[in-house]
Structures are given as C-alpha cells and as structure tokens.
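A.B. asks: Under the numbering used here, the first residue of the sequence shown is numbered 1, with each subsequent residue one higher.
Careful, some of the hints might be misleading.
Said to hold, decoys possible - Listed next, the in silico DSS-like pairs over lysine-lysine satisfying Cα-Cα at most 27 Å (straight line):
1) Lys73 / Lys289
2) Lys211 / Lys73
3) Lys24 / Lys73
4) Lys73 / Lys217
As the list claims (entries may be wrong) - Simulated restraints, written as ranges between beta carbons of each label pair:
5) Phe100 / Arg5: 31 to 37 Å
6) Leu294 / Asn156: 34 to 40 Å
7) Pro262 / Ile118: 44 to 50 Å
In case anyone wonders, no lab produced these hints; they're calculated from the structure. Even for Gly, the Cβ is constructed at its ideal location relative to N, Cα and C.
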Amino acid sequence: MLLGRDYWLAQSLGFEVNQDGTNKWNGDDEMGLAIPQLYFETGNDVFQWKLGHFYSPIGYENLPAPTNFFYTKSYSYQFAGPFTFWGGIGTWAVTDNLTFDVGLVNTWNTLDAPSDHINTVAKATYRGENRDWYTAFGVITGAEFSNPAQFPGISNVWANRTRYSMIYSQNFGENCQWEYVADHWLGFQDQGTATQGTSWWYGLDQYLFYKMSEHYKWGGRFEWFRDEQGTRVGLGRRPSNPNAPPFAGNFFSLTTGVNYTPYPNFTVRPEVRYDWFDGTANPYDDGSKEHQFLFGIDMITRF
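Model the full structure from these sequences, guided by the hints.
C.D. replies: Encoded structure:
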C-alpha cells in the first residue's frame, strides 16, 4: 500500500480510478492512496510465477523510493513506459548468470478499461561471472489507446504501442566502488499523430555512482528525453499543474546528490537538479520558462 504524493504514479484504471480516468479512491489533493502491488507468487530456484498486480520490470528506475538512488524521478520513468501491470509473469533462471521473464498482462496501468487488450512483456538479464556487470533488455508490446492526451485530430482507436529498455551496468575501480549505468529506451504508438502516423519517444539515461565510505555514496544522473510529437511528457499530471502538453522537443536533466546511510534501515537523500527544454513551448514555472532548478531532500526509514 502506498500513501503519499507519488500515489498517482501507482494508480490503475478500473481500480484506484474509474474507467474514464476520473477519481475513484482519491480526490484532487496532493496526498493519495494506491495499491501498486497485490499478487500471488510461487516457484523454486529455477522457475517462478507471479499472478496479480505488480511493478513493471521494464527500465532502470522503479516506483518504491528505497530502490532508487535519487529523490526525483527521471523523465523516462514518468513518461516513457508503464508503472504497473495486472496479469501474470514467469521467470526462468536458465543459469546463475542468465534469466528470462515472459508474461501476459492487460494494457498499461490497467485492471479494467473500456476496452481490454492483452500485452506481452518479456525481459532477458545476463550477469557477469564476478557480478561486477550486467545487461538487461526488456520490452512491452500490445494494443493501447492511441490518444491518451486527447489531442485534436488524433484518432481515438486502439493500436500497437511498444516500449523497450536496454540497460548496461558496470562496476569498476579499487573494490568496485564506482558504478556506471546506461539505460537506452524507445517507445512508439501506431496511429499516434494527427496524420494517423506513428508517434515516437526515445532517449538515454546515464548514472555514475561512487561509494565514498561505509555510510556515504555519491551519485550523478544525466538524462536526454526526446518527445518527437509531444504526446508523452505531461501525461497524468496533477490537477494543480497547468503545464499541459504538447511539448514536442528534447528534455534534458542533470542531477547530483548523496545518500547518507548511518544505519542499515535509514537513508537521507539530498539532491540538486537542473532541467532544460529545447522545443516548442515552455514546460516549467507555469509555462513561463524553458528551464528550472530544483533542490530536494527526503528520509527513508525501513521497519
């Protein structure tokens, strides 16, 4: 169960919200409630099966705060792909180094939509013998609603949407205290433009981490997000946010911060972030600026 300001990232159509997208559980307040996972799982050391509601395995960042180094989310996590699925997925550990995941799920972030469609999700992960590097490729494909932003001129039909993520992570340096991560991703939506063509979004997220000591770890993130037709960035925004799409162009963000972990179950995450946009509109400060500077900090306690 999730209670907080990130609830809107974990909501499912036909569960926390109605089929038409209107509120069901929550109001228009900043705080809200969601149940991002609710599943049955069984298996052994080789095969595992999961059935129900679970996080998307596609991409590097994830919804739970403890799984991410940074307090703020990347553009790719917020706008490039799904957050959760309803359906089933199986995992096959072929060897100690190679695993495959394959599943059938409903449409993105959906339990019950006006029109339900089966999507296929698949992922392959390979880890080096010394566990100092790994690579993963994941994809989700199937029929999705072609006009989620409700732009004029775009047909309101169900057509193929595909999104993939390719990750490479490498530890290096003395005692492997450095880690580099690259996440290249791409998505497209058939019949997603006013000319009934294909809309595209793609980019690259890069991370660099350095373990300074037992309790301190530094991190940096540079992101490029290309929203070709302006159909992705701004979707699902909070009701109080006036910055409505389209934002066709290139989004960039540069983030740096430290994780301070004085105890195994307690972490403080201060960070600074700079965003800028090269495109057709001003997406920041209520539509008045093409850049923004942010400072954020939070604390995580596990119990």
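A.B. asks: Does the Cβ pair Phe100, Arg5 satisfy 31 to 37 Å?
C.D. replies: Holds, at about 35 Å.
A.B. asks: If you draw a straight line from the CA of Lys24 to the CA of Lys73, is it 27 Å or shorter?
C.D. replies: holds (25 Å)
A.B. asks: Hinted pair, alpha-carbon criterion (27 Å max): Lys211, Lys73. Please report holds or violated.
C.D. replies: Holds - the C-alpha atoms of Lys73 and Lys211 are around 21 Å apart, at most 27 Å.
A.B. asks: Keeping to a limit of 27 Å between CA atoms, is the pair of Lys73 and Lys289 held or broken?
C.D. replies: Within the cut-off at roughly 20 Å; holds.
A.B. asks: Range hint 44 to 50 Å: satisfied by the CB atoms of Pro262 and Ile118?
C.D. replies: holds (47 Å)
A.B. asks: Could you tell me whether the CB distance from Leu294 to Asn156 stays inside 34 to 40 Å?
C.D. replies: holds (35 Å)
A.B. asks: What's the verdict on Lys73 and Lys217, does the C-alpha distance respect the 27 Å limit or exceed it?
C.D. replies: Holds, at about 18 Å.
The structure agrees with every numbered hint stated previously.
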